[in-house]
Structure formats: structure tokens, C-alpha cells
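Visitor: This is what each chain is made of:
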Amino acid sequence: MSVSVLMTGASGTVGTALIRHWLHSGDLDRGELKVTAVTHEGGRTESGRVLPRHDGIRVVRGEITKPDLGLDPQALAELVGSTTHVCHLAASTRFGAPLEEIRRVNVGGTRHVFELAERCPRLQHVALASTVFVSGRRTGRVYENDLAHGAGFVNTYERSKYEAESLAHEFTGRVPVSVYRISTILGDSRSGSVQHYTAPHQALRIMSLGLASMLPGTPDYRVNLVPTELVAAAIARLILRPPSEIRTFHLAAPDEKCFTLEEMIETGYRQFDRLIPGWSRRRYPKPAIVSGETFDRFMESVEETGNPLLGGVMGALRHFAHQLLYPKEFDLTNTAVSIPGYEERVPDVRGYFGRVLETCVRTRWGSGVEGE
Amino acid sequence: MSRTPSHGSAGIPISTYRLADRRLSLDELHRGGLLTSAPEMLRDFGFEWCHVHDQPNATELMLDAARALLHQAPVEREDLAGLFVYSGLPSAGPTSASDPISLFRYDLGRIRHELELDEVPVYRLSELGCCGLAATFNLAESVLRDSDRTCSIVLTGDCFGPDARREIMYNVMSDAASAILVHRSSDRNRFLASHEIVQSYYWDSPAHSDEILASYFPLAQRVIERALAKADTPMDRLRWIVPHNVSVRSWEILCGVLGFDPDRVWLSNIAKVGHTVSSDHVINLCDMQAEGAIEPGDRLLLFTFGFGASWSASVFEH
Ligand SMILES: NC(=O)c1ccc[n+]([C@@H]2O[C@H](COP(=O)([O-])OP(=O)(O)OC[C@H]3O[C@@H](n4cnc5c(N)ncnc54)[C@H](OP(=O)(O)O)[C@@H]3O)[C@@H](O)[C@H]2O)c1
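Chains as they are written, first to last, in this note's numbering: chain F, 792 to 1163; chain Y, 5 to 322.
Treat the hints as calculated values from the structure; they're not laboratory data. Mixed in with the good hints there might be a few duds.
[Said to hold, decoys possible] Covered stretches of chain F (chain Y as the covering partner; in silico rule of three or more C-beta atoms under 8 angstroms from a C-beta of chain Y):
1) 866-878
2) 947-955
3) 1003-1011
4) 1097-1104
Glycine included, C-beta positions come from ideal geometry on N, C-alpha and C.
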């Protein structure tokens, strides 16, 4: 059987890892699998730069915010005719983006992808990348089969992804969709490499600069982090299995393989000590862990003073830090049933956190100013 | 430094202060170009008035405060273990002069002379920012412990000068001086324990101002919790936190960090007085006593931060 995957978001953290996975597994080389990556104008995906050159990988220019992804008629016809699987990863991952703007990409874009998929005669399966944080402000155990809730959201990103998942339900019976709710990706557990520096990396950067005053939450909050290659391997496996009754999967870590918030901060400080010469002599204090109200009052004050540096760095925290006030555990039943041994295979963050931090420090959090 | 709370511990039976006479509102300071931030923001942060001395030197105010103290507590000179003087601002005297002898015109000598304290050893501390009072008290207390005398005098004072800008890190700065009597066996304000955290990496305050702002709350929390532990005083046993008069806003946040009721922080002087470098705690203690806000047996925590940089907390029992 030949598989022809239409992939959006191929240049992102997950997309590049998934393509790397298919290269290493030999699936692309054997010609059993072909990928058409829809890149978007003005984005990072200038084929040669981010995506490897390979006969099995084709790049077409597209824009998910447009109907038919804005493809020209010929490219569209070819894609519709050949696509067997759709892997929809593209999203705006800017937590603080205005709701209408992020909805246009994450909900409108998903609708366009589903509508295109609906017209593909050979279509077998559509994979929608989502986030475990569609659970928003819910607390406690979150099950894969649950979506609807009235707890609210911490940022516009969570809301938009929730709405995108709801759209998948709307398309039930029209398109065979599976939803992969990914936890926060830290980096590659083997090499420590980081594709994009996101919320947890920024929080650690602020700590390394001695600018982390406080974080909302409780010391025993479980920070759920997963390595890139685990997510890629799971998606690669799940997307090629025929869709079944199980439609939603948590690609998260079991609680015991996660840091508590306090442990993550302490480990981060120990690692900075090891990685940054002279860092320990600065004796930066660890951030205080405070209530949401205290954190908000502090943020308000920083904003009011117009302090550019603190305002900038703390501003980077404000759109996701509140999630630390809503402790939850992600149930992994569906994933464990579909990928036997999944939970055992999830690497413990304690084993690779140091490697990822090493990359952060060496690349100065992706600023391009490396010591190599 | 910690002591078992008992009658007969060293403490502060009497204290006095002098605020600079001229009182300027935030709007007046703003019109005079003496603020960095908008008056509205500083008002929102809890400030309103600033006290400005007509000289860039605190000696007059310190002498006034000391005379008032000695009037209230006429101590025999031979009972004094020392005179301890602190200013956080550099002395405004000449740094070069046509006649170099003018460099040796010492304010400390003048204070000693005018208070007739020639026979009393003097100690002068500097460069501890707003932690100066706490450090000077601790020194006075430890000297007293090893001496056969009964008491010491601590004088603090700082004046920025009539034309100086009045805002530091979103705080409005006033000029004032204070005087305290430290008695080896005090029936009031008995010292229980103190704790200090020093971060000398921040010695260059302008270069590290953002790190200092960021560290302020976590280190305040740590130093307060350690001082309370040394004094065997749970947070809820505290009747009052006697603040240094930084913004009300920052106290609200610190109370949130500590889980402490902001109504039990004496905040009313922040608008009335503003923040002085080294006299806030004495000003607040005197006013709290005058207003009958403290009862015997009440536990008080005095917290402050000083450029340089250090965080300091002391626990007393009234
Ligand atoms: N990384 C995580 O920790 C994480 C966690 C949970 C869920 N997820 C989900 O996983 C998926 C992939 O995330 P990621 O981390 O790989 O994201 P990412 O690194 O931010 O990459 C986003 C991708 O979307 C593409 N894109 C953005 N706007 C587009 C548009 N208007 N039209 C076409 N393409 C567009 C980007 O293309 P350009 O590069 O060309 O701009 C890029 O390839 C997303 O759905 C995300 O919500 C990720």
C-alpha cells in the first residue's frame, strides 16, 4: 500500500521531527511513503532550509487560512487525487495572540484542511495535532475522550485549539479524524536539541538571567514535558493505523516521569551552576511560588512602571504561567492501548533535562550566537 | 543572631525621629522635575508627600533627634557603651579643596561635641543602603553584650539635598534622621532575632537594577521566614510588620508572597512620610506607639532591603 501524506506545519517542531522519524525508519527511502509539505508564504519553510531534500518529500506553497489552502488549481487537483493521509500540524503557537487572529489560523485553517480532506477520494485518515491544554482551567484527571468543559482557558491559544477539536467532532462521519493532544515538548531526549524555544525554555531563560521573581502555582504542580522524538514516533505509528472508535490520544508523560514545579526550578538552578561559568557566584534566588492574584498584581505593577526589561521577560511568562494554577494529570489509556509499552517508553524528564538545557545555554536560547 | 525571648533582653526602650520640615506633594515634585515616573503612578503605588531638607547633610536632623532622645532618656555618659552612627548616602563634604585641611571637617566630631560625648566610643557605618539601621542596631547590641555598660545610642540620618531627584526604583525618598536608645535590659521592644542575606554581586546598583527588582520578593520572603524561625515566632504570631516605607504596592505583593494580612503592615506613613534611607522603622515604631497600635507582648517584624545589596529582617517583642 502506498501512503501519500499531506502535511501542514512541516517546518515546526513536530513536523521536522516526524519527517526525521520517517527518514530514519527508512519509510521514505523505501518509497512506501510520500510527503507533500504545504509551506506557507512568509513562513520559515523555505524547503531547502528547514526540510531535508529527498525524493519522497515534495513542497508546495499553501496558506491554511485560505480555502483550498490557497493552492493553485493544478497543485490542488494533484493533491486531492493522491492524498491518503492528512497530517495537520500547522498552527499559530503564539499564546498571547489576539483571539480573532489565532482563530483564523487554528480554527479557520483546520476547517480548510478538513474541507480539502473531504474531497480526497483515497483518503484514509486525518491527524489533527492538538494540545493537552484544550482542558484549559480544568483540574484533576483529564481523560482523552473528554473535551467539552466550561472551566475556561488560560490563553487564546488553548481556546483556539479547543475550538479546532470541536470542529473535528463537527466533521464526524465526513472525515475520519484522530486527535493527538500533545503535551509540552522540551526537546530531543537523546541529543538535547531544540527546534523552537517555547514557554518552558523561556521560563528557564528568565531564571538564568536572574530575572525570575515569581511564578504562580504550587510547588507540587506536575510539569508535564515530553521529548520531541517520542511525539514524532507516536504520531508516525498512530497515523498509519486505520482509524477506529478511539479518536483522541494524549501524547503526554505519566506523572511519575515529570518534575514537580519546585523540582524543575531546583534542577534548572543546579544545571545553570554546571553550565554557565560564574553563575553560582551571582546567587540568584529561585522565584517565589505564589497565588494567581499575587502574580497578577506583580505583573500589573511591572507593566505600570513600564520597566522595559522586566516587562519584556515577564510578559513572555504571562500568557502561559497561569496554567500552573490548574494542576492536572493526563490519562493515557487510549495511547497505551494503541501503542503497547508507551508509558514505559516515555523517557523520564530527569534523564534528559540537562541535555536540553545545555543546548539552551550553548545557543543562548536559539539566538544564533553559539559557542561552536 | 538569636536570643531566647525573656525579660531582661536587649531592646529599644526609647526612640525619636526628625523629619525634614519642607513638605512637597507629588505634583510639586513633578513640577520641579524631581520625579522620574508620573505622579499618578506613584500615587497609585501609595505615595503622596515627600519631606525635603534644605541641606544635603543630615547632621542637623540627627542632632535634633539625638537631643530629643537624651531629653526623654537622660543617660549618664559613663553608662554608654558607644555612639553608633549610620548614613546610607555619601557625606556631602568637599572631596577636593584648595586647603586640604577642610577635608578633615568631620560631622561625627561635631555630633560628639554637641552631645558632649567625648568619652564615649563612636562607631560609624556606611554603604549599607536602607539596611543601615538594622546593621547598626545589631552592632550596638553586640558591643553592649560584651561590655559592662548598660546602653548605647544609635543615630541614623540621610538627606538627599534640596535640589536632588526624589525617586528611586518607583519609591519617593524623603529626608529624616532617627535616634534610638539600645538598652541591655529593656522593658520594651526586646530584640529576639535577626537574619540578613547579602548579595554582593549586586554592589553596582544601577547596573543590576533589574536583577535587584526581580530578587526583591523571593529574598524578602526567605529572610523574613528565616528571622521568624530564629525567633521561634510563627507568622501568625506577628502582630505587625513594621515596614520600610517602599511603595504600598510592593507591600501588597510581598504580603501575597508571604501569605500575611496587609492590614497588619503599618502602611499609613508611606503616603505621609515617603521612604527615608535609614529612619523608616524608627518613624513607624514611634508613630505606632503614639497611636496606641502596639500592646506589650506584641511581636513585631522589621524588614528592609538595602542597596549594596542586603535583605534584613529583625523580630522584636514590644
Ligand atoms: N511544540 C509543542 O510543545 C506542542 C505542544 C502541544 C501541541 N502542539 C501542537 O502541535 C502542532 C505543531 O506544533 P509545533 O510545535 O511544531 O509548532 P511550531 O513549531 O510553532 O510550527 C508551526 C508550524 O505551523 C506553520 N504555520 C503557521 N501558520 C501557518 C499558516 N497560516 N499556514 C500554513 N502554515 C502555517 C508554520 O510554518 P512556518 O514555519 O512556515 O511559519 C510551522 O510549520 C501544532 O498544532 C501545535 O498546536 C505543539
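Visitor: Are there hints from earlier that the structure breaks, and if so, what are their numbers?
Guide: 1, 2
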